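Participant: Protein chains in written order, with our numbering: chain A, 1 to 177; chain B, 1 to 177; chain C, 1 to 510; chain D, 1 to 510.
If you are wondering where the hints come from, they were derived from the structure by calculation, not from laboratory data. Hints are supplied without guarantee of correctness; some may be wrong.
[Stated by the list, open to error] Restraint-style ranges between C-beta atoms, simulated for each label pair: (1) D:Pro288 <-> C:Arg339: 31 to 41 Å; (2) D:Asp435 <-> B:Glu135: 26 to 36 Å; (3) D:Arg101 <-> B:Glu135: 22 to 32 Å; (4) D:Ser337 <-> A:Arg57: 43 to 53 Å; (5) C:Arg339 <-> D:Glu157: 49 to 59 Å.
Quantities reported herein were computed from a predicted structural model and do not represent experimental measurements. All residues carry an ideal CB built from backbone N, CA and C; glycine is no exception.
Chain by chain, the residues:
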Amino acid sequence: MLTRRNYVVDVDGQRHTAEVARSGDRTELRIDGGAAAPASALPVLGGRAVCVTVGGRRRVVHLSRADTRGGLRATLDGRPVTLSVMDELRAQALQAQGGGAGSGTLVADIPGLVIDIRVQPGQAVQQGEPVIVVEAMKMQNELTSGVSGTVQKVAVAVGQSVNPGDVLVVIEPAPAD
Amino acid sequence: MLTRRNYVVDVDGQRHTAEVARSGDRTELRIDGGAAAPASALPVLGGRAVCVTVGGRRRVVHLSRADTRGGLRATLDGRPVTLSVMDELRAQALQAQGGGAGSGTLVADIPGLVIDIRVQPGQAVQQGEPVIVVEAMKMQNELTSGVSGTVQKVAVAVGQSVNPGDVLVVIEPAPAD
Amino acid sequence: MSKKPDTHPFDTVLVANRGEIAVRIIQGLREMGIGTVAVYSEPDRTALHALVADEAVFIGPAPASESYLVMQKLIDAAKQAGAGAIHPGYGFLSENAGFCRAVEAAGLVFIGPTAASMEVMGDKLASRRKMMQSGVPVVPGTEDAVRDPAVAITCAEKIGYPVLLKASAGGGGKGMRIVRSAADMASALRQTMGEAGQSFGNDAIFVEKYIENPKHIEVQVLGDGKGGAIHLFERECSVQRRHQKVIEESPSPSLTPELRARICEAAVQTARAVDYRGAGTVEFILAPGGAFYFLEMNTRLQVEHPITELVTGIDLVHAQVRIARGEGIGIRQEDLSQRGWALEFRVCAEDPSRNFAPSIGRIEAMSPPLGPGVRLDTGVYEGFEVPIHYDPLLAKLIVWGEDRPRAIARAQRALRDFTLQGPTHNLPFHLWALDQPAFRDGTYTTHFVEKCFDHTAWLPALTDLDREALIAAAALLENERRAPAGAGAGADAHGDNWRRAARRAMTGHK
Amino acid sequence: MSKKPDTHPFDTVLVANRGEIAVRIIQGLREMGIGTVAVYSEPDRTALHALVADEAVFIGPAPASESYLVMQKLIDAAKQAGAGAIHPGYGFLSENAGFCRAVEAAGLVFIGPTAASMEVMGDKLASRRKMMQSGVPVVPGTEDAVRDPAVAITCAEKIGYPVLLKASAGGGGKGMRIVRSAADMASALRQTMGEAGQSFGNDAIFVEKYIENPKHIEVQVLGDGKGGAIHLFERECSVQRRHQKVIEESPSPSLTPELRARICEAAVQTARAVDYRGAGTVEFILAPGGAFYFLEMNTRLQVEHPITELVTGIDLVHAQVRIARGEGIGIRQEDLSQRGWALEFRVCAEDPSRNFAPSIGRIEAMSPPLGPGVRLDTGVYEGFEVPIHYDPLLAKLIVWGEDRPRAIARAQRALRDFTLQGPTHNLPFHLWALDQPAFRDGTYTTHFVEKCFDHTAWLPALTDLDREALIAAAALLENERRAPAGAGAGADAHGDNWRRAARRAMTGHK
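Given the sequences, and given the hints that come with them, work out the whole structure.
Facilitator: Now the structure itself:
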């Protein structure tokens, strides 16, 4: 029985397609519409890595799952790679929902303590401008605005503890030039 | 809600009883019918060990499951311990089925090659007498009889490969003196 | 209590610290046959240091101010567990003279220097004065605190701009400001005094020549507390980010044998000047021309002590314990030599691409590098959830090689062999550093990272073959997860069935 | 092919071996910037050596005779992968002169001695004669093969009973028989010749004085292939079981400086006598009175080479490669010295309680010991299924300390810190050995294990507190498995949900 599935793989922000065709014990892989090559992936090192063979070339990739949405932590020869994989249909559905680069919402990504807020509601900010400082692990972490625009809301106060996912500041992006 | 369960724990061949009483977050342990003491067991070191606290005393035991019948591999400060645990009812049921020390059936415990057979059917053997030699990992492994008795059957031949669980020699135990 | 007046026997030690240094001290104590007591806060319930000690005492909630910094809790824990001595490690209370006094007042041995040494060395102005008296070179500048901008300007004109305004009670890169002209002096002095008063409760400020492109050289010393002292050669710690060391090496590639002899001798003089007891480190600034100046003395074991251990063959924790027991230094200067080269890499949960901001999370995978010339001192393990409350140092990778090029090559091998996934960390940064010409030729200064590191373009490019392997790994594993090749087993909706797949694959069940 | 006639450049090396030694060689090559090619048999598909190499070539089914011992497959694999040299490791084909010739005939560099050296040293009679000519002391006995019992008896009466009959082609404790009187000579000679003919295809037997209570001392040498040679001091390998070494140390506790100088000089003479090229080991028997005799020379890297590396600071794999490239030894004798003390423990899958019978299985849990002075060379990892087809050496734990007592104390710490579960192994045996008076005082001989080890009563007794902890761990975990405290999660009928429990506990979900 031949099964064929298509995936979208994101490697350090660059999008690739991969077609996996499996027939019995044999698996073939076609990357970015190129030629199909026999391929296998064998979990090794106690599940901490995968020994990948594509067209006879063997590599060991260290991999662990970062989230439940296809995000992976990958390391190749000590170099970290941002990797994610998604079924092609799901990738298309997500793309249809829109979304693009640069968000106006600053969200805490680690738990910490707000120690400085550099903006006020109504204030205009440039992309890259410091907005808020969160201290964690004895270090100060300055968060900058991802967009140019106007501060709509400051959701936290100095001295407040925040957790990952907490919204800190909302900035209304200025219309593109 | 209070739940109370009884276990039989074998430590290096010595049998103990343990009563675990749990009420909400609180667990108490009573060993060999002694006094009950608050106890906890926290898996640590990535599940390779357990941090046990009994009556305020804290110890780290390295533990992994050896089989599905309650057998465990335990190491305490580098010293290996043969450990098994069983629900009290199951332990009683097993005991009722009989079974005792010293079996007359020699079974291969590792894969290997039979390189010498020292006995013939009908021959009398003493407990501890060499019966068969199996080579594995370039080393010769001499198996001795667990009982005194008479060889009933030699189930393998020199040169034959054997796998764990294969019966090698069956010895009919002599009646106890 | 002791029979001989000068010895302080103890058979159990409480380690008033956490993380890798607590683990390393426990290892050292155990090797001497000494019982070990750890302390742990709530989030450190399952921390490695609490698991490896003979005993572990709970000392309170997460904030260090309610646990690791509470002197009485530590002393009570030591008494409760029957410990006769306390080892403070580094950080926390290790350089707190009050703690040292409290420990000794409780009848326990403090494994470290006297409170008096700590007090002199904890105050930059006091230690500068002490060193000037002892003939140890200090950076040109004022001898006393300066409140008047005019005095500061006079001094600056004498020694030449730029100058540094420095808080006497500062440290760790805090409480400093560069001044490049007289016009800036008044406001800079006002601001620095304000900050110092607020941060350290002491607004004493002094003026110092600002050394451009300096190197950070430090010398390990051991003192017997009676004026006897030896040195264990130098370490160079010029690779810093956020004013904190991140890679250290020993020997320093910047010293000639003659300069080494002089700087080490200055360190011994420093230790003698305060009758130093135990292990300490004298830090110097090395100017491009070869002039060196006393910076400060750290009155404790340093994070980077292992490189000295590898090069000299001396175990510093063992030496600390011997001295604390009153057995003296037990090592003669003439028996010491430097063999080979050692490098230490601080493995921190931080993101080099985001200005080294701290990262947290569970250690999802960890396999230490092994084999020749590699040492790992770690405070974490696979499965451990790194607490947010303490510093981001997870482990230290230390390598030794026959010479500097071989130590670097070995470090590259070990850094690549080190599997660590979970929090973002700086192992890739270390690989970056080892590839830089300024690191390889040893000319790097404390400005190395700020000058050379571009956080947007520091990771090596991926080759086409790299991409192929990554795409294949991701696609094939996702495919296996969605439709396992094995019979029966359904896809695991919650994700991670790779470990189980690994088990199947490795036991031969396809 | 090479530009300079005397250099043999290569940028990629095939490692014709498996397990820990293949991994260690790959590490060494990588540190020199050399590309690495592994070979693997069917059950080694997921073996560590095949995973860490840059490339890995499949060479056939499990039996070594169809994979690791097939010369042509190895040479083909090297050619296919573009390797310019082959490193044979130890065991397998490492001392096979035919392999050495075949490799060189294929235009590849053999990282090891010449075929001629191997041939002389592979034949005990030939090497005895060679050593006698060179003035190296050999055990008193016959110079030629003996077939006539009368000749053997004459010789035995001259040197005194007991004597040893030894097969010229034997090794590893095989092909030897003790004879204690003339009456036993004829039958013993007949049997030994028969066995030798059968096992080695060569029934040449010679007579040698049997040394009672001997110590096994060996000396590491490096030769340049042109008569130049140096030594890297001695190793003592007297802790043996089944005639195989299991603990080694360097220096030897049995040598005075004077005796050390003489035995090391004899080793250098041995290497010079055969124009030895590369790394080799000259083995000696040390008699209780201090007399020493040449035993044999191992013409390869030894299992126990790391203790020499730790004590001398020289990387032997790097040295092998430099010599194979034609760069010479590159180390001067006068620059070498011994620093501190090193011990090696062979970690084998074997059961000390069952006469060290091999054990197999999956490595269920493995956490290497870390921290100061500890090195682990391993060929396995957590999750790996140890194949039955090869030898039971899983890893080597090597420790270094400032002196012998401190090295022993550190070894005890490291052995206890080493988590290894799955196959039965001998880490507890090593802890036993370190507790024996004969080991601690250094008087142990090669009879140490047979004399001191009681396989029925060697494990330390469990204290009441030990029992309490074990019972609690077993009962509480079984209770948790049957009725998890957490809401929702049902008991896992297939057993092992501890790892998941660990995850829950460590992420704070009760």
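Participant: Each of the hints needs a verdict: does it hold here or not?
Facilitator: Status of each hint after checking the structure:
1. D:Pro288 <-> C:Arg339: 31 to 41 Å: The hinted range 31 to 41 Å holds for proline 288 of chain D and arginine 339 of chain C, with Cβ atoms some 35 Å apart.
2. D:Asp435 <-> B:Glu135: 26 to 36 Å: Once the Cβ atoms are compared, 32 Å apart, the range 26 to 36 Å for glutamate 135 of chain B and aspartate 435 of chain D holds.
3. D:Arg101 <-> B:Glu135: 22 to 32 Å: holds, 31 Å
4. D:Ser337 <-> A:Arg57: 43 to 53 Å: Roughly 47 Å apart at Cβ, these two residues keep to the hinted range, so it holds.
5. C:Arg339 <-> D:Glu157: 49 to 59 Å: Taking Cβ atoms as reference, arginine 339 of chain C and glutamate 157 of chain D lie about 53 Å apart, which means the hint holds.
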